[in-house]
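Asker: Sequence:
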Amino acid sequence: MAKRSTAGVEPPELLDKDAAAVWREVVAAHPQPARIVGPDLEVFCGQVALARNCRDRVAQEGEIVEGAKREPIPHPAIALGKAAQEYVAKHAPRFSPPAPMKRRTGPVYDATRRSLAAAAHLKDRAEFEGAAAALLTLAWLIDEAQRAGYAALEKAAFGTIPSYLKGCAELQITPASLPVPVAPAGATKTASNVTSMQDRARARRGSA
Numbered sequence: 001m002a003k004r005s006t007a008g009v010e011p012p013e014l015l016d017k018d019a020a021a022v023w024r025e026v027v028a029a030h031p032q033p034a035r036i037v038g039p040d041l042e043v044f045c046g047q048v049a050l051a052r053n054c055r056d057r058v059a060q061e062g063e064i065v066e067g068a069k070r071e072p073i074p075h076p077a078i079a080l081g082k083a084a085q086e087y088v089a090k091h092a093p094r095f096s097p098p099a100p101m102k103r104r105t106g107p108v109y110d111a112t113r114r115s116l117a118a119a120a121h122l123k124d125r126a127e128f129e130g131a132a133a134a135l136l137t138l139a140w141l142i143d144e145a146q147r148a149g150y151a152a153l154e155k156a157a158f159g160t161i162p163s164y165l166k167g168c169a170e171l172q173i174t175p176a177s178l179p180v181p182v183a184p185a186g187a188t189k190t191a192s193n194v195t196s197m198q199d200r201a202r203a204r205r206g207s208a
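Using UniProt numbering, the first residue of the sequence shown is number 1, and each one after it goes up by one.
Keep in mind the hints are simulated off the structure, nothing from the lab.
Below, simulated DSS-like cross-link-like pairs (lysine-lysine); rule was C-alpha separation at most 27 angstroms, straight line:
no.: 1; residue 1: K155; residue 2: K102
no.: 2; residue 1: K166; residue 2: K155
no.: 3; residue 1: K102; residue 2: K166
no.: 4; residue 1: K123; residue 2: K166
no.: 5; residue 1: K69; residue 2: K82
Between the sequences and the hints, there should be enough to build the whole structure, so can you do that?
Answerer: This is how it looks when you write it as structure tokens:
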């Protein structure tokens, strides 16, 4: 994972060295560190550092140590580390980088991909790639709204779906918005002659 600058989000001075190291790891891995810094992150980093230190102590000293009366007892760091690990597991999602969204295929998304692929006027046209990608995103959102249920789909009907249809029209991938073919010169002349004949016929009927 790429490390990001931690400028402006340095660990507070009250954190010890180990907790400060955790702080820097967390903020360097997060795409928007300013959103997670604060007292809760301080506690979280302290618990991560504690869990690591307990793990290292048990690894070095063994799970069984001598008690105050020289009797064998479980290493106290085991229970302490377990509690710290439970805290970390519970709160880690708050400070972890957001997982990338995975697009699932759906009827609108798949149909849109086919429409774009079939649009000859868009082939090898780099200037339309961004608009086509945005249209696919809208198609995916419509499919997600259908999966979410009636309320989400009703909301999409007043925002996402109209935007999608407008995008289809602008990219000319709907039947009503297909590019109009240029008519041959002869066809234009024929249409003009037919119109003239109709005009003359109406004029004769009017004068009769």
